[in-house]
Every structure is written in C-alpha cells, then in structure tokens.
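Asker: Residue-level listing of the chains:
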Amino acid sequence: MLGYARRPYTDETYRAEMAVAVADHSRLPIEPALWADFAAGIHYQQGDFTTPEAYRALADRLDRIDAARGTRGNRLFYLATPPSAYGPIVENLGRAGLDREQRRGGWARIVIEKPFGHDLESGRALNREVLRVFRESQVYRIDHYLGKETVRNILVFRFGNGIFEPVWNRRYIDHVQITVAEDLGMEGRGSFYEEAGATRDILQNHMLQLLSLVAMEPPIAFEADALRDEKLRVLRSVDPDWTAERVRRDVVRGQYGSGWVGGVHVAGYRDEPEVAADSETDTFVALRLEVQNWRWADVPFYLRTGKRLPKRTTEIAVQFKRPPLMLFRESTSDPEPNLLALRIQPDEGILLRFAAKVPELGLDVRSVNMDFTYGSSFSTEAPEAYETLILDAMLGDASLFTRADEVEAAWGIVSPIEELAAGATPGEELRVHPYEAGTWGPEAADRLIERDGRRWRRL
Amino acid sequence: MGGEPITMVAGARRWTARATSVPGIEAELSRIWSAAARESHEAHLSARARALALGDPHLAGRLDVAGDVGVRMRTSVLTLVAVAPRPETSERALDAINTLATRHPSRALVLSPGDPGGPSWIDAGISAQCRIAGRSGAETCTEQIVVRTGGEIEQHLAGLVQPLLIHDLPVVLWWLDDPPIGRHRFGDLLAICDRLLVDSGSFGDDGGAHLAGLAEVYAAGRPVVHDIGWMRLTLWRELLAGLFEHPLLAPELPAARTLRIDVLRTPSSRRSCRPRARCASTSCARATRCA
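In the order they appear, the protein sequences are chains G and C.
Heads up, the first sequence is in the working numbering, so the first residue is 857 and it goes up one at a time.
Heads up, the second sequence is in the working numbering, so the first residue is 1081 and it goes up one at a time.
What the hints contain is simulated information worked out from the structure, not anything from laboratory work.
Only a predicted model underlies this, so the values are computations on that prediction, with no experimental measurement involved.
Incorrect hints may have been included.
Computed far set for chain C versus chain G, every beta-carbon distance over 10 Å [unchecked claim]: (1) 1195; (2) 1285; (3) 1329; (4) 1341.
Covered by chain G, per the in silico footprint, the following chain C stretches (three or more residues, Cβ under 8 Å) [stated by the list, open to error]: (5) 1098-1108; (6) 1178-1189; (7) 1247-1260.
A virtual CB, placed ideally from N, CA and C, is assigned to each residue, including glycine.
Using the sequences and the accompanying hints, generate a full structural model.
Answerer: Below, the structure is given as structure tokens:
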C-alpha cells in the first residue's frame, strides 16, 4: 500500500497516522502482531498531482516495492481526491506508463469515486478523459451503496429464489417505492452540497442503481458485464424526454428549514455553514418514473430521497395489486394488498405482508407481516461496503462497479430535470419547496403520489 | 451513544442498556439483537459440535460455516407509545405493558417528559426480553424503552418517536393523563399513530371538554380513538341494553329519547355504585365512575 500526496510524510509518520486511523475506525480491534506485519507493507511517496517527474518517481518506487514484496506488478490506483484532480492524475499515470498491464501478468486498475461529473456533458467528458488512458475493463467506478450486504442481497433474493420471479411484473405489481431517507444535515459538507443537491448526490447514482437492480431482467450469468448490460437496459427504458410540464407534474424538489429531528433542534439548510442564504439547492427530491418495457409498462416507480427527514432508512417496497375479487365482504376491514419490502438500512431485512383470518367466530380478515431481520438472524457481522468493494476490485470482479455507459444513461435521466429546474423563474413549481426538518418532505411530494390514488409508505 | 455495555439478566433471556440520544437508542437495540443472535447461534453450534466434531477443529470450523441459520422473525405486533409525565402514571403504564407482553408483544416506548424550562436532554433505559409462550412453545420477544426527557423536547415528541417506530406495524398512542387536545405537540403525535388510547374515567375537572375534543378526533376518522373508560362501562351498557330485551319494554325502545340513570352510593365503598335497577355487586365494583 503506497500513499501518494503532497504532504511531507515519511513511511514511518504515515504508518503511525494509519495506525491511529485504523484503531479509530476499524470494526474489529487491532491485533498488534498482525498490524506490525501489515504496516511493513505501507509506504508513502510525496508528489504533486500535475508534475510528470513526480509520477516517474512514483513508477520507480512501485517497481522497487514490487521487487521487495513480490507484488508482481499488480496495481490498483485509488483516487481519493477531489473530482477536479481525476483528469490530471489519469493523464500523468498514462504518461508514466502506469496504466500498462505487464507481460508477466501484472494488472493495472483504477478506482474512482462519485461524483462522476455533475451532468451528462461533464460525465461524458470524464469518461473520455479516463478512457483515453485506461481501458473500460480497468476502470472501477465505486458507488459504496452497491457494496452493502442487503443491496447485493437484492440479486440473491430475486434470482436465487424461484417463487418471486413469476410475479415480478406489471401483471401482479401495482407500483414500487424506493426511499433513501437521511436524518443528517450537512455535517460540514455544505460547500460540496451546494454544488450537488439531492438529485445529483443520491438520485443519479444510489437510487437509479437500486431501481436498476429491482427492475432488471435476469442476467445470463452472475458476471460483471452481464449484470451491467441488464442494469443499463433498465436505465435506457426510462423515458428521458423531460418537458417542463412533465417535470412539474412528476418531480418535486424540496429544501429543509429548521425543525426537530430525533429530539434535537436543527438549523435550516440556508443557515448551514458554507451555504448561500438564498440557496436553491435541493435537499429533497421525489419523482415518479416509468420503466417502459414489456415487464414494467404502466407500473409507476416512486422515488424519494432527502436530508433531515425523520429517520435514516433505505428501502424498496414492491406493492402488489389487490386480489381481483374481494370475497370476504363480511370482514370489518379491507386487508391491505400484499407488500414486499426489502429494507437496506438500518434494521436490514425482508418483509412480506399478506392477509390472514382473525382467529375467532365469523370471518374477519386482517393484514399480517412476516418480517425477517438479518441483524438478529445471522451472527456474523456483515463487512463494510468498502471492504467488499475494494476486495472485489483487487480480485478483478467489476459486478458492483458502475460502467461508463451506465453513468451516462443515469445522467441522461437526471440532467434534463436539473437544467429545467435551474432555468425556472422564482415562485415556479420547479423551484425548491420548503419543508420542516423532521418531516417527510414538502406536501407537494404527498400530492405527487396521492394524485395516482396511492400513498407514501409510513416508514 | 450508550454508556454501559449490554448486560444480560441471568435466568431469563433479557438484555438491558442505556442511551442518551435517539441514535444511541437505535444503536443499543441493534447491539442487543445481534448479541441475541450470537447467543442462539453459539447454543446451536455447541450441541452439534459435541456430537460430531469434538476435538476436531477443522470439522468444527466447517460446521460453523454450514450451520443452519437460526432465522428470527419479528414477533412484535405493534409499537405502543405511552406518554406519562408523572412517575406514578409511567409505573402504571409499565405494569400494564408487562402484563400484556405475551399476548400482545410490542415495542413499547414510555415517554416521561419533565422540566420543560431547563436544557434539553434524553435519558433512555432500554430492555429487551424473549419469552417462550405457554402452549405453542414459540418464542416472543418484546422491547421496552423508557425515555425521560427534559427541556423543549416535550414540545417535539413526534420527532423523537418517529425514528423508533417499527416499520409496517400499527402505532398505538396511549395518553395516560388528560389529552392536550388542540395542542401542537399532541396533534403531531396523533398524525403518526393509528390508534389513540385514553381513559375518560380518569380525566380531570373538565372531562366533558376532553370528550368533545375527542369526538372531533373520532369524527376525522384517523386515528381511531379507544376509551378505556368506555370499555370499563361495557358491563353497564350491556346491562341497560338487556333491560330492553324484556318483551314488555322492547316495544318502548324506538320511542325512547332519553334515559335517566340514578346512582346510589353504598356506604361500604365510596367508589362503587349501582343503578336502582337490579345489579350484581361484582359488576358494580368494576365501574369506578358513574354519570
């Protein structure tokens, strides 16, 4: 492991800093003997992001480490830098020949973190820049959501079970709701968020990835490109022709004001540090999408995400249609239609709701839940998303990384909304609607779904 | 986050913890349930390990991997939110919750707001318990979270409660004192619950005004209002209705507009009462308030 940055560390001071960081953040305590062994493999190289000589020195250093530690020229470059540095770094890695995979079988891979651009055009530009130097198969675009245990479990749930696939379509499913709710506010990321907003920060990547996983066709193999081909087809089936009228009807953007979350008073978005007092950045977005293919035509997908909502929760809820005929007219309550909820965090699990007879005289029908919880069912702790993903990148498994064409397809859905919103005049529907911190977003978001005779789930 | 480690109470499957924030409560609950999972997993393994893999670490290791998962389903059927500012009412709520635990396993939140003028603080005692139900032998697990708060939080209890509701289960709000109908803090809580439980039998001075307010909540259709006082009068109501089943009185019923009930206090007990009509003494003793 070699750290490369401008700061003047030595191997020793860098190791010492790493030891403190690992002790602070690891989910397991450090075992001193193991750490000593591991730390011997941590190195530091001081260098600038834009100076070609520095990269040549980096290449020499990597060769020496290869020779000393027998790493056979396998290299994984992880860019934990601001996105603006991606371009120069990639270019210089290329100039120094560090993108080349060696004859003896050593591989070279590069991991980049989101955001992958801030709109369709910049997303394409970034892809071009990276792909001028690296081949697509060498590029690992990391979206840590995809490394979460329960996100990976969506695939197992759908394609490891035989009984759900036959009903996973427009014939049986009424609609799907995807919620990514956060209770946190800016936590010192105000200046970043001013540029991003909920649409770019969460919707463009995490939420559209969840949508793809739920809506995709079975892949021909559990293999990176087969999976990503199917995910891409879902994104391409979402109608990207946004008109101002359609955005006004199907998208609600919001921004939180002050309020109470979890028993604590919190400031409004415009009062957060590094946020403009007249900011129009969205901290909430709700929208209605349709996936126009044979499986999903006319099944609406309702997506919502926001900050300073009442609780932190991520889930996908598949709402099935009502039975064609309600036979039990004597029942005092109409049972709710069947529901399948895949909860991603916290309290990971799977819930199935169905109707059952109340055990007494007469025939009263009520909804009951079968609620499987991971936390209390498996004693082994799930690894952190990054642990999973970095291991996958080292093993060359790109299944859970986003491909260039996926990124562009996602921007293709999101960019037009952002452009129309940015061009809207004050007071227009497309502007951000204020909502009180600690509530489920602006009322307009309720109207968005109630218009179709449906309701957001209470989570 | 929570201060003390989880402690398991010997002899019963019961765990307790403390926390001083809502995220702390959530973290402690999840720690408790993973500790519970580990325990049952270890118990499961040791039985098999004794039989099959004693002294063979390789085989034991394989068993660990291949061991069946002791899948646990949530057994709670509701989230009960009891608001009880006074210590005696909060004790009463906990007693009732414990009595109902096996028949109606729940996550019970008992909120005791105090000292609204001081700084804001939260102090929560968390306990979880698993019991084997008598006949079926199935295990039911319940959670109790007693949250004492200070400061302005009292006005924003809905925000405190929401992160702690179990998804997809009905939420019952039990207001142990006079419900502050029309107040912001009450309205916020009503908006997130499915049922409201009050006891008109224990309303203070102006019970009539409270009942009128509740009638409005009831008319709005949500949440459904249940009155323990009204349930307590079930026997009386049945008794009165029963009078009109008599062939002589039944024809009078359609014409009846008002019904006067005279109540006699007996010298033996100030709280018991009986109408002039025939009355079994046991049913009289159950009615604590008469109109």
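Asker: Does each hint fit the structure? Answer for all of them.
Answerer: Hints, verified against the model:
Against chain G, the non-interface label of residue 1195 of chain C holds: every CB pair exceeds 10 Å, the least being about 15 Å. With a minimum CB-CB distance of about 31 Å to chain G, residue 1285 of chain C clears the 10 Å threshold, and the non-interface call stands. Residue 1329 of chain C, annotated as away from the interface, keeps every beta carbon of chain G farther than 10 Å; the closest lies near 28 Å. Annotated as non-interface, residue 1341 of chain C keeps its C-beta farther than 10 Å from every C-beta of chain G; the closest such distance is 30 Å.
Counting residues of the region 1098-1108 of chain C whose C-beta sits closer than 8 Å to any C-beta of chain G gives 4, which meets the bar of three, so the coverage hint holds. Under a criterion of three residues with beta carbons nearer than 8 Å to beta carbons of chain G, the stated coverage of the region 1178-1189 of chain C fails, only 0 such residues being counted. Interface restraint, the region 1247-1260 of chain C with chain G: holds (3 residues with C-beta to C-beta distance below 8 Å; minimum three).
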